[in-house]
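For the protein sequence lines, the chains are F and P, in the order given.
Here numbering that gives the first Met the number 0 is used: the first residue of the first sequence is 0, the next is one more, and so on.
Here numbering that gives the first Met the number 0 is used: the first residue of the second sequence is 0, the next is one more, and so on.
Accuracy of the hints is not assured; some may be wrong.
All copies of an identical chain are treated as equivalent in the list; a pair is satisfied when it fits inside any one copy or across any two copies.
Claimed, not checked - DSS-like, lysine-lysine: derived pairs with alpha carbons at most 25 Å apart: (1) Lys-236 / Lys-19; (2) Lys-19 / Lys-301; (3) Lys-82 / Lys-204; (4) Lys-218 / Lys-118; (5) Lys-204 / Lys-256; (6) Lys-204 / Lys-214; (7) Lys-82 / Lys-293; (8) Lys-276 / Lys-301; (9) Lys-211 / Lys-260; (10) Lys-219 / Lys-293; (11) Lys-82 / Lys-118.
I should point out that these hints are in silico values taken from the structure, not numbers from a laboratory.
Just so we're clear, the structure is a prediction, and the values are computed from it rather than from any experiment.
Number of protein chains: 2
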Amino acid sequence: MLFSPGPVAVEEEVLRAQDKPLIHHRSEEMTALYGWLCEWFCNRLSFEECYILASSGTGALECAAANLAHRSLVLSNGVFGRKLHAIAQLFSRSVEFVEIEEGKGLCLERVEDVLVQSKADTLFMVHNETSVGVLNDAEGICARAKELGMLTIVDSISGWPGAARPKSADVFITSSQKALGVPPGLGIIMLSSEAVKRYEAQQSKSYYFDLKRFKDFYKKSKQPPSTPAVTLLYALKTALERLEAVGLERYYEMHAKAGAKARAFLSSHALGLVAEKGFESPTLSAFFYPSPQKLIGAMRTKGYFLVPAKGKYAAQAVRIGHAGFRQLERLDEMLEALGGVL
Amino acid sequence: MLFSPGPVAVEEEVLRAQDKPLIHHRSEEMTALYGWLCEWFCNRLSFEECYILASSGTGALECAAANLAHRSLVLSNGVFGRKLHAIAQLFSRSVEFVEIEEGKGLCLERVEDVLVQSKADTLFMVHNETSVGVLNDAEGICARAKELGMLTIVDSISGWPGAARPKSADVFITSSQKALGVPPGLGIIMLSSEAVKRYEAQQSKSYYFDLKRFKDFYKKSKQPPSTPAVTLLYALKTALERLEAVGLERYYEMHAKAGAKARAFLSSHALGLVAEKGFESPTLSAFFYPSPQKLIGAMRTKGYFLVPAKGKYAAQAVRIGHAGFRQLERLDEMLEALGGVL
Numbered sequence: 000m001l002f003s004p005g006p007v008a009v010e011e012e013v014l015r016a017q018d019k020p021l022i023h024h025r026s027e028e029m030t031a032l033y034g035w036l037c038e039w040f041c042n043r044l045s046f047e048e049c050y051i052l053a054s055s056g057t058g059a060l061e062c063a064a065a066n067l068a069h070r071s072l073v074l075s076n077g078v079f080g081r082k083l084h085a086i087a088q089l090f091s092r093s094v095e096f097v098e099i100e101e102g103k104g105l106c107l108e109r110v111e112d113v114l115v116q117s118k119a120d121t122l123f124m125v126h127n128e129t130s131v132g133v134l135n136d137a138e139g140i141c142a143r144a145k146e147l148g149m150l151t152i153v154d155s156i157s158g159w160p161g162a163a164r165p166k167s168a169d170v171f172i173t174s175s176q177k178a179l180g181v182p183p184g185l186g187i188i189m190l191s192s193e194a195v196k197r198y199e200a201q202q203s204k205s206y207y208f209d210l211k212r213f214k215d216f217y218k219k220s221k222q223p224p225s226t227p228a229v230t231l232l233y234a235l236k237t238a239l240e241r242l243e244a245v246g247l248e249r250y251y252e253m254h255a256k257a258g259a260k261a262r263a264f265l266s267s268h269a270l271g272l273v274a275e276k277g278f279e280s281p282t283l284s285a286f287f288y289p290s291p292q293k294l295i296g297a298m299r300t301k302g303y304f305l306v307p308a309k310g311k312y313a314a315q316a317v318r319i320g321h322a323g324f325r326q327l328e329r330l331d332e333m334l335e336a337l338g339g340v341l
Numbered sequence: 000m001l002f003s004p005g006p007v008a009v010e011e012e013v014l015r016a017q018d019k020p021l022i023h024h025r026s027e028e029m030t031a032l033y034g035w036l037c038e039w040f041c042n043r044l045s046f047e048e049c050y051i052l053a054s055s056g057t058g059a060l061e062c063a064a065a066n067l068a069h070r071s072l073v074l075s076n077g078v079f080g081r082k083l084h085a086i087a088q089l090f091s092r093s094v095e096f097v098e099i100e101e102g103k104g105l106c107l108e109r110v111e112d113v114l115v116q117s118k119a120d121t122l123f124m125v126h127n128e129t130s131v132g133v134l135n136d137a138e139g140i141c142a143r144a145k146e147l148g149m150l151t152i153v154d155s156i157s158g159w160p161g162a163a164r165p166k167s168a169d170v171f172i173t174s175s176q177k178a179l180g181v182p183p184g185l186g187i188i189m190l191s192s193e194a195v196k197r198y199e200a201q202q203s204k205s206y207y208f209d210l211k212r213f214k215d216f217y218k219k220s221k222q223p224p225s226t227p228a229v230t231l232l233y234a235l236k237t238a239l240e241r242l243e244a245v246g247l248e249r250y251y252e253m254h255a256k257a258g259a260k261a262r263a264f265l266s267s268h269a270l271g272l273v274a275e276k277g278f279e280s281p282t283l284s285a286f287f288y289p290s291p292q293k294l295i296g297a298m299r300t301k302g303y304f305l306v307p308a309k310g311k312y313a314a315q316a317v318r319i320g321h322a323g324f325r326q327l328e329r330l331d332e333m334l335e336a337l338g339g340v341l
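Based on the provided sequences and hints, a complete structural model is requested.
Written out as structure tokens, the structure reads:
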């Protein structure tokens, strides 16, 4: 069973939701399904618009950059921050890039000067740095960036709904295969009214990800411009209904508790976390271990799939995921097995 | 049941293949799966490289244009030709656009002068114009374009594997949800050695669709650069195994026969085809009908989902799909029902 930060293991019920006969992308059934999904995100997370893309999370990041980037500032503390930088470079007029040490958390006091001195009008940052399990203080940073007149774009691919939405994110991006507990293949982009104004005034550098096309089709029919990944939309709907039954606040708490449990376990085995204190991720934990591949191999023989850290600590740390209903449910069991092979 | 040109109705076995537990995108299992799929396309269709994208077919067209377009010539005879034009415009240094009447077929004698006089180094054309069911003579045109030094990019989203691959296509694009009989969400791009040389020498205008990133990851591990749509890859593998058991040549014939059967039926009811004689599509038929929505409504009450034509004839013609195992299998039954409501 996958205990990676993502794709996460998916519940049977969600997998089986993919089996329903296909509906057409230009049908009333699609209007009902796609409309329900997009509105769910808008209503529950207070965004003006939301579009669900047939792409991985990286595609949704490209969508944001191709439609919204201008003079960009990218803050980074790891592999996924650097990926945001690469994407922003391709679509921005100018890019400033500031990186802090991997494992450390991004917070306002560390980047305040950068924000104040920046000439950027667009901020890019990662909410939850998946490579080493660090939850950045995206809200603290975005709130200040907005005061300074920037549009804030937050990559929460491995964060939400394991962590709450930073209120000051103008553009909020996630994907299906992490804490949502859905198979991979859907990127989700949510936009504030400021973000909508920006993309309406700019020419998209992508056709496939052109938000004006998404808006035109949505206004007309609540359908997407290109054929969506219909069976994955079915799975997403089932997952959101389960999430709705539990409640978002409670779901955030479940992840916070799972993170605390994983860290208590690691600490009891004297295994150090890569993440700085105060910035521990609720959806995954990366811990130092002398020979990651040996531990990962031992866990595979027990049926659990873990992965090494990414970036600077790739050869020194192991990551475990605790995101989505199924991983949360079976976390104790996995930790027990881990205890047995350490 | 869907009898649209695509998404087509998908067989139970292919739908259920999506239910298998997820594997990780950086695992040996993914290497085996993704490698098998890409090699299948390369080997069976004689291409140098193939990549399977988490996107709709439109995403795969964007991939081609963002990596390969330069001085482009776009030939069109309908809605999807114009879409190619829109995509080419975004990524080309210059674009020439030539359109013939909708319903008419593109063939060498009609565009020879255009090819000879063109300053383009890249040709874009649609193989099977889905909007009105016209199969263009892509091979005749591409062979000549190659003689003239152009790289040939062919959109076969609704064509292959209902129609054979044009041998002179350097870049050949299809998607999962048409004649392959797989749910939507996968774009497939196949490349000749000339196409590989071109993208290696050019800078990609997309990060998500950057073919150099696909190649780097594939060379290293036969894995894609971003998380793929894993459950759709499962479905694709099952569909290709079924296709393999039947044989590609036989599968093309099955579609040719289904097309002939549909046309014979329409002709016996004195319903005129939109497609010019000699250019009839093997995967769908568009026929004139005084009130398309009325007929479509009547068929829906019988459980069959048809769609109107797109473009110039949207208000005057109806389309029926005959692509993929399931539609082929149930074509007689659908035509009988259609006969009952005409």
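Evaluation of the provided hints:
Taking identical chains as interchangeable, the C-alpha atoms of Lys-236 and Lys-19 lie at most 25 Å apart whether they share a chain (12 Å) or sit on different chains (19 Å). In this homomeric assembly, Lys-19 and Lys-301 come within 25 Å of each other (Cα to Cα) only across copies, at 19 Å, whereas the closest approach inside a single copy is 33 Å. Taking the shortest Cα distances, Lys-82 and Lys-204 sit within 25 Å of each other both inside one copy (18 Å) and across copies (15 Å). When the C-alpha separation of Lys-218 and Lys-118 is checked against a cutoff of 25 Å, the pair qualifies neither within a copy, at 35 Å, nor between copies, at 40 Å.
In this assembly of identical chains, Lys-204 and Lys-256 lie within 25 Å of each other by CA distance neither inside one copy nor across copies; the values are 42 Å within and 43 Å between. For the identical chains of this complex, Lys-204 and Lys-214 are neighbours both inside a copy (16 Å) and across copies (23 Å), given an alpha-carbon limit of 25 Å. Taking the closest pair of Cα atoms, Lys-82 and Lys-293 never come within 25 Å of each other, the shortest separation being 28 Å inside a single copy and 51 Å across copies. When the C-alpha separation of Lys-276 and Lys-301 is checked against a cutoff of 25 Å, the pair qualifies neither within a copy, at 31 Å, nor between copies, at 63 Å.
For the identical chains of this complex, Lys-211 and Lys-260 are neighbours neither inside a copy (44 Å) nor across copies (41 Å), given an alpha-carbon limit of 25 Å. Taking CA atoms no more than 25 Å apart as the test, Lys-219 paired with Lys-293 passes between copies only; the shortest distance there is 21 Å, against 55 Å inside one copy. In this assembly of identical chains, Lys-82 and Lys-118 lie within 25 Å of each other by CA distance solely inside one copy; the values are 21 Å within and 37 Å between copies.
Hints 4, 5, 7, 8, 9 from the list above are not met by this structure, while the remaining hints are.
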